[in-house]
Amino acid sequence: MINPILEKDLKTKMRGWRTPVLLSIYLLFLGGVLFLFFLANNQIFVYYTDTAFNPRVAVSAYNVIAMFQFVLLMLIVPAITATAISGERERQTLDLMLCSDISTWSIIIGKLIVSIAHIMLLVVASLPVMGTVFLFGGITFGEIILMFLFYVITALMVASLGIFLSTLFRKNVTAIIATYICLGILALGPVIAFFIWGVFFQRSYNVEITYSLLTAFLFPSPGYGFASFFAGTQSNLFGTIFNEIQHLAEKETNFLRYLKPWMINGLFNIIFSGILISLSAWKLQPVKKRKRKA
Amino acid sequence: MLKITNLVKRYGKFTAVDNLCMEIDEGHIFGFVGANGAGKTTTMKIVAGLLQPTSGEVLVGGIDILSEPRTVKRKIGYMPDFFGVYDDLKVDEYMDFYAGIYGIPYRERRAITDQLLELVDLSHKRDFYVDSLSRGMKQRLCLARSLIHNPSLLILDEPASGLDPRARVEMKCILKELRNMKKTILISSHILSELSEMCTSIGIISQGKMVACGTVDEIMDKLSHSSRIKIKVRDRMEDAIRLLQEQPSIGKIDIADSAIEASFKGDDQVLAEILKRLVTQGIPVVSFTETGESLESVFMHLTEGSEEYDD
Chain A
1 MINPILEKDL
11 KTKMRGWRTP
21 VLLSIYLLFL
31 GGVLFLFFLA
41 NNQIFVYYTD
51 TAFNPRVAVS
61 AYNVIAMFQF
71 VLLMLIVPAI
81 TATAISGERE
91 RQTLDLMLCS
101 DISTWSIIIG
111 KLIVSIAHIM
121 LLVVASLPVM
131 GTVFLFGGIT
141 FGEIILMFLF
151 YVITALMVAS
161 LGIFLSTLFR
171 KNVTAIIATY
181 ICLGILALGP
191 VIAFFIWGVF
201 FQRSYNVEIT
211 YSLLTAFLFP
221 SPGYGFASFF
231 AGTQSNLFGT
241 IFNEIQHLAE
251 KETNFLRYLK
261 PWMINGLFNI
271 IFSGILISLS
281 AWKLQPVKKR
291 KRKA
Chain B
1 MLKITNLVKR
11 YGKFTAVDNL
21 CMEIDEGHIF
31 GFVGANGAGK
41 TTTMKIVAGL
51 LQPTSGEVLV
61 GGIDILSEPR
71 TVKRKIGYMP
81 DFFGVYDDLK
91 VDEYMDFYAG
101 IYGIPYRERR
111 AITDQLLELV
121 DLSHKRDFYV
131 DSLSRGMKQR
141 LCLARSLIHN
151 PSLLILDEPA
161 SGLDPRARVE
171 MKCILKELRN
181 MKKTILISSH
191 ILSELSEMCT
201 SIGIISQGKM
211 VACGTVDEIM
221 DKLSHSSRIK
231 IKVRDRMEDA
241 IRLLQEQPSI
251 GKIDIADSAI
261 EASFKGDDQV
271 LAEILKRLVT
281 QGIPVVSFTE
291 TGESLESVFM
301 HLTEGSEEYD
311 D
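Chains A and B supply the protein sequences, listed in that same order.
Read in this note's numbering, the first sequence has 228 at position 228, and its numbers run on one by one without any break.
Read in this note's numbering, the second sequence has 89 at position 89, and its numbers run on one by one without any break.
Bound-form chain A, shown alone:
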């Protein structure tokens, strides 16, 4: 039997006008970004001019789209998931669910799958937009699939965070704001910590920056995991940073050299999600079970 919460939410979410509108806006936005990028690089009207098409532009376009999509996911997932439980509470339907014999695990998992399915719909629908770069080469299908997998794992972590905070806070607005703040801390906190460390310690003790050191600081940041997918040139700041990370990884002598940033961050995301889901299910229990008397 399908999880009833999943069944109901999928039915109602797909029935309304919100999902098609959100999907359309999302795709128009991605398409628009891609169009503007090609336009800015003089690649749109290439047949009408004598300029030869530059395949490196396609790779850069892929980077731009991938990054845009990643940032958009980070912005959309909290808005969808952080109302999962607090929304039920505000609507006064949570008690009707909790007074039944359904486990809080089923409620949380149902809500989580709905949120991820919603996000994956956006990602899968955007594949044709991403696929335009195939026309020009430079990116393999395998790379896109790996990135898709990374999106799923990151969405799982962000969704778990949203649901956990939605369980913790009674109001939708508080839960959404708290999720954005926590996500901001998770994404930028390690980077800021690394810079502070660099300013105060690295200069004083002249410690060489290695891949292990970098990973020790940055492993929770989704941006660090995304570094693996920035197939890039050194033409901009991100390209330089991501290439530098790749170089450090190649210089690493221990097993870490085989672990790319997306794997390490992905593993953290999975473990962190598991913890958040368990905490959410525990927190949602209205009555904590008492051991039976002897």
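In short, the hints are calculated from the structure, not lab data.
Quantities reported herein were computed from a predicted structural model and do not represent experimental measurements.
For each residue, glycine too, the CB sits at the ideal point set by N, CA and C.
Possibly wrong hints are sitting among the right ones.
Stated by the list, open to error - Label-pair restraints from in silico Cβ distances:
id	chain 1	residue 1	chain 2	residue 2	range
1	B	Glu68	A	Leu279	19 to 25 Å
2	B	Glu108	A	Phe29	43 to 49 Å
3	B	Arg110	A	Phe68	43 to 49 Å
4	B	Lys265	A	Trp282	57 to 63 Å
5	A	Pro20	B	Lys3	52 to 58 Å
6	B	Thr15	A	Phe68	55 to 61 Å
7	A	Trp282	B	Lys13	24 to 30 Å
8	A	Leu23	B	Tyr129	19 to 25 Å
9	A	Phe29	B	Arg110	40 to 46 Å
10	A	Trp282	B	Asp81	25 to 31 Å
11	A	Leu279	B	Ala111	37 to 43 Å
12	A	Leu23	B	Phe128	25 to 31 Å
13	A	Leu279	B	Thr15	26 to 32 Å
14	B	Glu108	A	Leu188	51 to 57 Å
As the list claims (entries may be wrong) - According to the in silico footprint, chain B covers these stretches of chain A (three or more CB under 8 Å from chain B):
id	region
15	9-22
16	93-103
Position chain B against the provided structure of chain A, taking the given hints into account.
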């Protein structure tokens, strides 16, 4: 069916439920009466497994709600005083969703939904969006939802609140139907007359404490030490009131509908003596009647001085 022993619920220093004890036998309907914030909803939420008690024991069918909450929840159907609905679901989808929540197989859902919508007279609305239903219909739908898993104990928190007189009558008819189905029901209401009509027993709660519990007649017998007398006089009402005030057996005196109403403690002999005095003083008595104290007045008397708060 339901046994509550020394139930306590505290919120910090505030005690919402204070050593509450009660018992409901199988097939009985127990009316839970109390002012707003007396602790009715808190008690009902604890029994429904939605609130952790500070101490005490709640047994449903002999099973402790804290030891086996999921087993107990299967036996309970709960209808809260305030509840929301999913606006974007149709009536039969709403029922189907809750059937799924209770793990009822797909093949059985249709028949159960048909039966329950029939019971609450909503069969003709099954394809309507829940949002389009009136308040009374939503209340009835919520009652049908609470019955979806065929619970043996029903907890109904103010099922008739906010309903117009017609919807109240309809709700009352459904509750009578449930009584005929031999369901054990714990029901709270402000409308005491409605409860006294259909309940096998009643509990009056004030400031978290059960101040009276038993059948309606028992409560009236136990607590109505005083009765009321109603005297109509043609004139000289002031003299009659003065004379009554001199009698030690007469308590508070009111004037209603040009008649004197007074609370009275004593037997028939004392009553006859009062009448005799009125007549010998030449007061033109038109009628002299002893009336029993109403359940409302017993309730008011018992809950006197209790403050209202939101629980």
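Hints versus structure:
1. B:Glu68 <-> A:Leu279: 19 to 25 Å: Holds, at about 23 Å.
2. B:Glu108 <-> A:Phe29: 43 to 49 Å: Holds: the Cβ-Cβ distance is about 46 Å, inside 43 to 49 Å.
3. B:Arg110 <-> A:Phe68: 43 to 49 Å: 47 Å Cβ-Cβ, so the 43 to 49 Å window holds.
4. B:Lys265 <-> A:Trp282: 57 to 63 Å: holds (58 Å)
5. A:Pro20 <-> B:Lys3: 52 to 58 Å: The hinted range 52 to 58 Å holds for Pro20 (chain A) and Lys3 (chain B), with Cβ atoms some 54 Å apart.
6. B:Thr15 <-> A:Phe68: 55 to 61 Å: holds (57 Å)
7. A:Trp282 <-> B:Lys13: 24 to 30 Å: Check passed, 27 Å falls within 24 to 30 Å.
8. A:Leu23 <-> B:Tyr129: 19 to 25 Å: holds (23 Å)
9. A:Phe29 <-> B:Arg110: 40 to 46 Å: Holds, since Phe29 (chain A) and Arg110 (chain B) (Cβ atoms, about 43 Å apart) stay within the stated range.
10. A:Trp282 <-> B:Asp81: 25 to 31 Å: Holds - the Cβ-Cβ distance for Trp282 (chain A) and Asp81 (chain B), about 28 Å, lies within 25 to 31 Å.
11. A:Leu279 <-> B:Ala111: 37 to 43 Å: holds (40 Å)
12. A:Leu23 <-> B:Phe128: 25 to 31 Å: Holds: the Cβ-Cβ distance is about 28 Å, inside 25 to 31 Å.
13. A:Leu279 <-> B:Thr15: 26 to 32 Å: At 30 Å between Cβs, range holds.
14. B:Glu108 <-> A:Leu188: 51 to 57 Å: holds (53 Å)
15. 9-22: Answer holds; 4 residues pass the 8 Å Cβ test.
16. 93-103: n = 10 at 8 Å, threshold three: holds.
Hint check: no violations occur; every hint is consistent with the structure.
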